[in-house]
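Those protein sequences? They're chains A and B, same order as listed. Its first residue numbered 9, the first sequence is counted upward by one per residue in the working numbering. Its first residue numbered 9, the second sequence is counted upward by one per residue in the working numbering.
None of these hints come from the bench; they were simulated from the model. Note that CB positions come from ideal geometry on N, CA and C, so glycine has one too. One thing to keep in mind: the hints can contain errors.
What the hints assert, rightly or not - Which chain A residues stay away from chain B? Per the calculated CB distances, all over 10 Å, these:
#1 15
#2 26
#3 123
#4 188
#5 201
#6 204
#7 237
#8 244
#9 278
#10 283
#11 291
As the list claims (entries may be wrong) - So the derived label-pair ranges between C-beta atoms look like this:
#12 B:164 <-> A:82: 57 to 63 Å
#13 A:60 <-> B:316: 16 to 22 Å
#14 B:303 <-> A:186: 17 to 23 Å
#15 A:358 <-> B:308: 46 to 52 Å
Stated by the list, open to error - List of simulated lysine-lysine pairs, DSSO-like, C-alpha gap at most 30 Å:
#16 A:109 <-> B:109
#17 B:330 <-> A:330
#18 A:330 <-> B:109
#19 A:49 <-> A:109
#20 B:49 <-> A:330
#21 B:49 <-> B:109
#22 A:49 <-> B:49
#23 A:49 <-> B:330
#24 A:330 <-> A:49
#25 B:330 <-> B:49
2 protein chains.
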Amino acid sequence: MSVPFVVQARCGDARAGLLQTNHGPVETPVFMPVGTQATVKSLASGDLEALEVRIVLANTYHLAMRPGARLVRDLGGLHAFMAWPRAILTDSGGYQVFSQKGRRKIDDDGVTFHSHVDGSPQRLTPESAMAIQADLGSDIAMAFDECPPSDASRDVLCRAMERTTRWARRCVATTPAPGQLRFGIVQGGADLGLRAEHLAEIAGLSFDGVALGGLSVGEPPETMHAVVREIAPRMPAELPRYLMGVGTPADLLVAISSGIDMFDCVMPTRAARNGRLFVRGGHINIANAVHCIAALPIEEGCPCETCRRYSRAYLAHLFRVKEILYYRLATLHNLHHYLALVRGARRAIVEGRLPEYVVERGLAGAA
Amino acid sequence: MSVPFVVQARCGDARAGLLQTNHGPVETPVFMPVGTQATVKSLASGDLEALEVRIVLANTYHLAMRPGARLVRDLGGLHAFMAWPRAILTDSGGYQVFSQKGRRKIDDDGVTFHSHVDGSPQRLTPESAMAIQADLGSDIAMAFDECPPSDASRDVLCRAMERTTRWARRCVATTPAPGQLRFGIVQGGADLGLRAEHLAEIAGLSFDGVALGGLSVGEPPETMHAVVREIAPRMPAELPRYLMGVGTPADLLVAISSGIDMFDCVMPTRAARNGRLFVRGGHINIANAVHCIAALPIEEGCPCETCRRYSRAYLAHLFRVKEILYYRLATLHNLHHYLALVRGARRAIVEGRLPEYVVERGLAGAA
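So that you can see chain A by itself, here it is in the shape it has in the complex (with noise of 0.2 Å):
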């Protein structure tokens, strides 16, 4: 098989890339929007295809509850379903089967959980969590892994190590859908040796992408920064580097920084949701009553869709009404200021000038 990944740019450790899915190409750095359950919530793929969203990432646990990876490879696989021409990537539900603490249980083959829809008893193991994903059709699959939590001792972190290898392995011995790419996971915690340590392990097998998993799970900002300062500089150059979860325009910068190639995180649409809404260097809160006789934009001078169009006036109106709209315009809004820092640090690495860019966007304190 053909590179699908090749770096065009470098500006210290961070890296400009072009990723070929089988849905188009991807330019990296990229913010991966997250649709959990086919649907990045509040917008249709319309929407995405109008913030120039080149892939999502959809959640292979809660697909495979409702509507059933079977149902949506029977009716063409996720892209025909959630009619998105464009990439996907799709976690492998370890994340999702190890929040359930206290209801799930693990064992060397794999995890017993209750689903969260009709507390029915679930079951994932590698095989099957990479052939769920098969049956999706996802453009890049992960490798299910045991993430541990943030307060974990070095002893369960050895553990959940040594397990996300050999379920790594597992996981590269399934046959993919054709032309799907898989990624694996590196766990470790904040411990850098731990961290250092699997990185090899994982980097050892035939995976076409290598992801951080287990941060941004409660640890301190600093201590997350810390990590991937030191580890992302060390991941397999010619593959692309993925960080999971994560995070804030100031993290994101930090990561790009240090050569991280894709992100994945909630935080905009669901910050979104919660009046949380975010212009240049911080955010505002659409709750606050200052707003609702505001006649600007959330920011004067955004080209989004939202503030072309609507004033905070009117989003303080439709938050505190529960307006279904509001969720929309505010997801529209925030997605499209992750999505431009990300396209302007990928510009700013291509052009040499990415630590000027980083004090530009008002994030240099953080990163």
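Assemble chain B onto chain A, guided by the hints.
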């Protein structure tokens, strides 16, 4: 003032007309989507433009409660507030206030009631209802009327008519916003004699249009149809005729055939949110399990944004997992269905073939 309405074609009692407003022309017959709280639920103003909507209805009572008419005025009026450059009709708030059975007190000067938001005491009079609508800056303001329940006695109906007439005189005596049209409302329940009597009174005042109120408030459809068939043809021929709060696709064709020009109803938007999706001659319920595996669209050949791109199976999934996107996609389809139905009726009137059109649409039984 020049006459803002002209009848361009007739077919039996039915008319095709053109209504000029402060915010553009409106071809009639016309269906006005309901935007109670300054948004047609789940849709952005751009969505309405794409649906070729020319006029929406907004709710005086709800907007007076939140965000307040003075605030809307200070922000440049309702058009600027909701970023909607086309026409707006505001109801007078009477219907909502009179629906608060047991919680409101009517006297000859107006109505005292309680806010549904915080329970605070509120008062509406003909003068204040028109002042609020002037603050909102709608293109068409409705007179403040008393809307009796469908089971009201003849005495109650008569008292409501008399009060509505006195209030109508006070409404026309107020100062409208510049260019704002004002419509009177005919009451009289299902009593054809009372309806005719009240029509004569309201038609004698200097309104720019006449509406039938107090229908579709719980009476059988046949009763409502009988009133419309009898009264609509006797409404002033030179003014737009508006049937408030009606109705099903069959109701619309009955009323158009009888000479009604304007409609509003929550049915297409509310039914969409509840899973009822209109198709030619009927509807489907997306909650029905059979749709979970259906790759076909809501209606084959339907040119709406939803049917062009999404399957019933995807909509059924979104509905079951309560994803926000469902509400928008379903609303887009149902509104398209209503708008296309009424636009088709207009073309049929112009072409002198309205009765054939009613048969083609599969609604001959009711109409």
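Now for the hints, and whether the structure bears them out:
Its beta-carbon lying about 35 Å from the closest one in chain B, residue 15 (chain A) satisfies the requirement of being farther than 10 Å from that chain. With a closest Cβ-Cβ approach of about 28 Å to chain B, residue 26 (chain A) is found to remain outside the 10 Å limit, as its non-interface label requires. Here residue 123 (chain A) stays apart from chain B, with its beta-carbon at least about 13 Å from theirs, past the 10 Å limit. The claim that residue 188 (chain A) is not at the interface with chain B holds, since no C-beta of that chain comes within 10 Å of its own (minimum 22 Å).
In this structure residue 201 (chain A) is separated from chain B by more than 10 Å, as the shortest Cβ-Cβ distance comes to about 42 Å. Once the 10 Å rule is applied to beta carbons, residue 204 (chain A) is consistent with being away from chain B; the minimum gap is 40 Å. Once the 10 Å rule is applied to beta carbons, residue 237 (chain A) is consistent with being away from chain B; the minimum gap is 37 Å. With a cut of 10 Å on Cβ distances, residue 244 (chain A) stays outside the contact zone with chain B, its closest approach being about 37 Å.
The Cβ of residue 278 (chain A) sits about 12 Å from the closest Cβ of chain B, beyond the 10 Å cut-off, so the non-interface label holds. Every CB of chain B lies more than 10 Å from the CB of residue 283 (chain A), the least distance being 15 Å, so the non-interface label holds. For residue 291 (chain A), the condition that its CB be more than 10 Å from all CB atoms of chain B holds, with the nearest at approximately 21 Å. Range check, residue 164 (chain B) to residue 82 (chain A): about 59 Å between beta-carbon atoms, so the 57 to 63 Å window is met.
Between residue 60 (chain A) and residue 316 (chain B) the C-beta distance comes to about 21 Å, which sits within the given range of 16 to 22 Å. At about 21 Å, the CB distance of residue 303 (chain B) to residue 186 (chain A) agrees with the hint of 17 to 23 Å. Taking 46 to 52 Å as the suggested C-beta distance range, the pair residue 358 (chain A) and residue 308 (chain B) conforms, at roughly 47 Å. Of the pairs offered as hints, the one joining residue 109 (chain A) and residue 109 (chain B) is violated, with about 50 Å between alpha carbons and a cut-off of 30 Å exceeded.
Annotation: proposed proximity of residue 330 (chain B) to residue 330 (chain A) holds, straight-line Cα distance about 15 Å (limit 30 Å). Proximity of residue 330 (chain A) to residue 109 (chain B) is assessed by CA-CA distance (about 25 Å); at most 30 Å being required, the pair is judged to hold. Taken as a hint, the residue 49 (chain A) and residue 109 (chain A) pair is honoured in the structure, with Cα atoms around 26 Å apart against an allowance of 30 Å. Proximity of residue 49 (chain B) to residue 330 (chain A) is assessed by CA-CA distance (about 10 Å); at most 30 Å being required, the pair is judged to hold.
Restraint check: the Cα-Cα separation between residue 49 (chain B) and residue 109 (chain B) comes to about 26 Å, which is no more than 30 Å; the hinted pair holds. Of the pairs offered as hints, the one joining residue 49 (chain A) and residue 49 (chain B) holds, with about 16 Å between alpha carbons and a cut-off of 30 Å not exceeded. Straight-line distance between C-alpha atoms of residue 49 (chain A) and residue 330 (chain B) comes to about 10 Å, which keeps the hinted pair within the 30 Å bound. Of the supplied pair hints, the one linking residue 330 (chain A) and residue 49 (chain A) holds, its CA atoms being roughly 15 Å apart against a limit of 30 Å.
At roughly 15 Å between alpha-carbon atoms, residue 330 (chain B) and residue 49 (chain B) fall within 30 Å of each other, so this suggested pair holds.
Going through the hint list in order, the structure does not satisfy hint 16, though it satisfies all others.
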